[in-house]
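J.: Sequential numbering from 46 applies to the sequence shown in the working numbering.
Keep in mind the hints are simulated off the structure, nothing from the lab. Being a predicted model, the structure only gives us computed values, none of them experimental. Beta carbons: idealized from backbone N, C-alpha and C, even for Gly. It is possible that some hints are incorrect.
[Stated by the list, open to error] Simulated restraints, written as ranges between beta carbons of each label pair:
no.	residue 1	residue 2	range
1	Val207	Val172	19 to 29 Å
2	Arg120	Leu223	45 to 55 Å
3	Cys225	Thr118	28 to 38 Å
4	Leu86	Thr121	37 to 47 Å
5	Ile168	Arg198	47 to 57 Å
6	Cys225	His115	38 to 48 Å
7	Ser222	Ile168	23 to 33 Å
8	Trp54	Phe224	23 to 33 Å
9	Ala201	Ser222	25 to 35 Å
10	Arg198	Val57	12 to 22 Å
11	Val141	Gly197	15 to 25 Å
12	Leu83	Gly197	28 to 38 Å
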Amino acid sequence: MDATNLWRWGWVKKFLQRFATLVVALLSGTVLALFIFLFGLIVPEAIIFALTFGIGAIFAAIGASWVGNHLATERTRSRLLPIVGISETTAVVVAVGLLALMLNHLPTPGFVTERSGMAPGRIVDVVLGMVFIALSASWATWRFRNSERRTGRDAAIMLGLVGLSILIFVATLYTASLFCLVGP
């Protein structure tokens, strides 16, 4: 095999690694985001969009980091906290952007059932928002790498992030109920 073919196949391999990272980030983030989004039946959309994209970004970052660690050939590991930071920053931008586009409708509990044909449109909004978040998570996975091998530390950070996302979810719903923002 000559040098041109090696370069071509190396580029294909790198592309497939990045694409697999993007797909896993998109799937892991979107599945959790759509689960959280179901609570839009009882929580105002200003709250549920922030919660949906915030938790979706955490899981997209975890998925992208995990796949990046397994596919990397140069013996480097993803740095999870910068990946989560980039993903969460993107989630804030996406959530604020979507809420700014929807300013003509006051958020109320049960918004998914109030508007005819609204649910598929909002699901598309969530999926499109998660595409941007997954793109940022997959980019950050390959950008923020180091050669340290701290598998135990990475596992502890992942478990901490999952626990934090559960805590934020429960605390947000509880706080919303205290202010009578949770509908029947």
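J.: Please go over all the hints and tell whether each is borne out by the structure.
T.: Right, here's what the structure says about each hint:
no., hint, verdict
1, Val207 to Val172: 19 to 29 Å, "holds, 22 Å"
2, Arg120 to Leu223: 45 to 55 Å, "holds, 50 Å"
3, Cys225 to Thr118: 28 to 38 Å, "violated, 55 Å"
4, Leu86 to Thr121: 37 to 47 Å, "holds, 43 Å"
5, Ile168 to Arg198: 47 to 57 Å, "violated, 36 Å"
6, Cys225 to His115: 38 to 48 Å, "holds, 46 Å"
7, Ser222 to Ile168: 23 to 33 Å, "holds, 25 Å"
8, Trp54 to Phe224: 23 to 33 Å, "violated, 58 Å"
9, Ala201 to Ser222: 25 to 35 Å, "holds, 32 Å"
10, Arg198 to Val57: 12 to 22 Å, "violated, 33 Å"
11, Val141 to Gly197: 15 to 25 Å, "violated, 36 Å"
12, Leu83 to Gly197: 28 to 38 Å, "holds, 35 Å"
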